[in-house]
Amino acid sequence: MATTELAEQVHHTDGHGDHHGDHPSFLAHHFDTPEQQYDSSKLGMWLFLVTEVLFFSGLFCAYALFRYLRPEVFEGCSEFLNTKLGAINTGVLLFSSLTMAWAVRCAQLEQHKTLVGMLGATLSCALIFLGVKAIEYSHKFGLGLVPPGFLPDDKLDYDPAHLLHGNSTLYLVWMSVPFAVILLGLVIWYIVALTGRNKVHLRMAGPLVVAFACYFVGIGLGMILESGEGHHEESHASVAAVGGEHAEAGHVDGAHANDHASTTEGGEDHAAADAAAAGTAHADVASSAAASGSPASAAVVPPVPAENPGIEARKKVLEQQEKMAEGGVAKTSAGVVAAVEAPQKLVFDKKTAGVFFGIYYCMTGIHAIHIIAGIIVLTWLVVRSAREEFKRQYFGPVDNVGLYWHIVDLIWIYLFPLLYLIR
Amino acid sequence: MALHSTSGAHGHDPHDFAHPFPVWGLLAVFFVLVFLTIATVAQSRFDFGSYEVLVTMVIATIKASLVVLFFMHMAFEKSYNALIFVSSLLFVSLFLGFTLMDSQTTKETFEVKSAADQ
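Residue numbers (this note's numbering), protein chains in the order written: chain Y, 1 to 423; chain V, 1 to 118.
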C-alpha cells in the first residue's frame, strides 16, 4: 500500500460535497492522501504508547523491588485488597476493550449509530470501573489505610480491634460529588435537547447520561460485594489482634514457648475469630492467659491461619522473642527486634505496610487518572460520532483512542494479578 | 464518478485502507480473555510455591498479547509499528533487569539492629 499515489488521489472524486479543491475536509492540508494521514497519526500514537509503557514500567520496577525485599509484607497486606472487586473490574475493562475495538470497526464501516452506542458502552464500563474503585478507596481510607504520605506519626492508623467504618461513607461522598455534578449537568442538557427537539444533541447527550449514571452502578456493585467481604476482614483483624495479645502475655510470664499446648487454645481462637465473636474472643483469651498463669499455657502462639499468610512473619518474631527471653541468643534475621511492641509496629508502620500501600495507591491511582483521561477523550469522540464525522477513509481518531484505551486495559491486566492475587 | 457513497452502500473503493475486524473475531478474543482471567483467579487458589509469579506473568502476557495483536490490530498492521512497540518492551526488560540486579549488590541495611548487637 504505497502512499505516493499522488496523481490518482489528486483527481479522485469520492462523492463528498465538502472538498476544498482536491482535499476532502477531513484531510489536513499537509498530507497528500487519507491513508498517509492515518499512518502518520497511528505512528504518533504508537510512540506515545511506548512512553506510557515505559512510564508504568517505573512503577512496576518499584513493585518488583519491594516485593522481592519484603515478600511477607506484600502477602499480608494483599489481604486487604478485595479480589472479587478486582476481578469484576478486570471483566469490566475487558468488555470495554471489546466495545472499543468494535467501535473502531463501526467507524471503518460508517455504521454511525452503532458507533455512538459502542463508544457509550465503553464509557459506561469506564465509569463502572471508577465507581468500584471509589468504593475500594473509601473503604480503605475509612480503615485508616491511607497513602503513607498522609500518615499521622508515620504509623498506619489501622487498629484491628477498633475498625473504623464510619468515615468511609464520608470519603465516598466526597469522591462522588464531581460525578454527581457532571451527571446533573448532562441530564439538564438532555432535557433541553429533548424539549428543543435537537436530534444531534440528543444523540450525544443520551449515551453520556447513561454512561455517567453507570458510575453509581459501579458504586452499588462495590457496596454489595464489599459488605460480603467485611466480615472476612474482621476475622483477619481479630486473629491479628489475638496474636498481639499473646505477645504481651508471653512477655509478662516470660516462659517457654510451648507450641504444642498452643494448638488447643490456638484452635479455639481461630474458631472464635469470626466477626460476631471478635470482641469476646479478645477478652476470653486475655482472661484465660492471665487466670491460668502457668508457664505451659501462658506463652501461646496462634497457628498460622490459611487466609492470612502475613501473620507468619509475626509468628517468627514471637518465637525468636521467646528464645531470647529464656536467655538464648537469637540469630539476627530480618525483622527481629528485642522490644515487645515490635510485632505491632512491624507490619503497620510506614516502612512496611506503608510501602505496600504507597505502591498500591500510586499504581492504581495513576491508572485511574489514565481512565479519567480516557473518559474525557471518549466523551469527545461520542460528540464527534453523533455528528457523523467519521468515514471510511477517516477513522483515525477512533482508532487512536482505541489504542490508548487498550493500553490502559493492558496495564490493568498486569496490575490485577500482581496486587490482588498475591498468596 | 463516485466510487463509494456515504449512505452505507459498501462499494469497494480501491483507495480504502481500512480492514475492519470481523465481529466473530472480536467476540472470540473477548471470551478467551475472560476465560484466562478466570484461570488467573483460579490459579491463585493453588500454591505454586516459587513459580507463583512466573505462572501469573505467563497468563497475563498471553492476555496482553491477545489484546495487542487483535484488539490493537498489530497482527494486521504495518510491521514498523510492531517494531516500535516491541522495542519498548526491550527497554523495559533492560530497566527491570539492571535495577533488580543492582539491588542484589547492597546488603540489607534496612533492618533495625537487635539489642544483642548494640
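In short, the hints are calculated from the structure, not lab data.
Some clues are possibly wrong.
[As the list claims (entries may be wrong)] Keeping only pairs whose Cα atoms sit at most 20 Å apart, straight-line, the calculated EDC-like set for lysine to aspartate or glutamate is: (1) Y:351 / Y:72; (2) Y:42 / V:77; (3) Y:199 / Y:35; (4) Y:351 / Y:35; (5) Y:42 / Y:32; (6) V:78 / Y:32; (7) Y:42 / Y:52; (8) Y:199 / Y:75; (9) V:78 / Y:39; (10) Y:315 / Y:35; (11) V:78 / V:16; (12) Y:42 / V:16; (13) V:78 / Y:226; (14) Y:351 / Y:52; (15) Y:391 / V:47; (16) Y:42 / Y:389; (17) Y:316 / Y:72; (18) Y:113 / Y:319.
Hints, verified against the model:
The hinted pair formed by residue 351 (chain Y) and residue 72 (chain Y) meets the criterion: a straight-line CA distance of about 13 Å does not exceed 20 Å. Taking the CA atoms of residue 42 (chain Y) and residue 77 (chain V), the gap is near 10 Å; set against the 20 Å cutoff, the hint holds. Distance hint between residue 199 (chain Y) and residue 35 (chain Y) is unfulfilled; the C-alpha atoms sit about 32 Å from each other, more than 20 Å. With a C-alpha separation of about 54 Å, the suggested pair residue 351 (chain Y) and residue 35 (chain Y) falls outside the 20 Å cut-off, and the hint is violated.
Restraint check for residue 42 (chain Y) and residue 32 (chain Y): the C-alpha separation of about 16 Å stays at or below 20 Å, so the hint holds. Between residue 78 (chain V) and residue 32 (chain Y) the alpha-carbon distance is near 19 Å, which keeps this suggested pair within the 20 Å criterion. About 15 Å separates the Cα atoms of residue 42 (chain Y) and residue 52 (chain Y), which keeps this hinted pair within 20 Å; it holds. Our distance criterion of 20 Å between C-alpha atoms is broken by residue 199 (chain Y) and residue 75 (chain Y), whose separation comes to about 54 Å.
Distance restraint check for residue 78 (chain V) and residue 39 (chain Y): the Cα-Cα separation of roughly 9 Å lies within the 20 Å cut-off, and the hinted pair is therefore satisfied. Proposed proximity of residue 315 (chain Y) and residue 35 (chain Y) is contradicted: the alpha carbons are some 65 Å apart, above 20 Å. A threshold of 20 Å between alpha carbons decides the hint, and for residue 78 (chain V) with residue 16 (chain V) the separation of about 15 Å falls inside it, so the pair holds. Distance hint between residue 42 (chain Y) and residue 16 (chain V) is fulfilled; the C-alpha atoms sit about 16 Å from each other, no more than 20 Å.
For the given pair, residue 78 (chain V) sits about 45 Å from residue 226 (chain Y) by alpha-carbon distance, which is inconsistent with the 20 Å threshold. A distance of roughly 28 Å separates the Cα atoms of residue 351 (chain Y) and residue 52 (chain Y); the hinted pair therefore is violated under the 20 Å criterion. Distance restraint check for residue 391 (chain Y) and residue 47 (chain V): the Cα-Cα separation of roughly 52 Å exceeds the 20 Å cut-off, and the hinted pair is therefore not satisfied. A threshold of 20 Å between alpha carbons decides the hint, and for residue 42 (chain Y) with residue 389 (chain Y) the separation of about 18 Å falls inside it, so the pair holds.
Annotation: proposed proximity of residue 316 (chain Y) to residue 72 (chain Y) holds, straight-line Cα distance about 11 Å (limit 20 Å). Distance hint between residue 113 (chain Y) and residue 319 (chain Y) is unfulfilled; the C-alpha atoms sit about 67 Å from each other, more than 20 Å.
Hint compliance for this structure: hints 3, 4, 8, 10, 13, 14, 15 and 18 are broken, all remaining hints hold.
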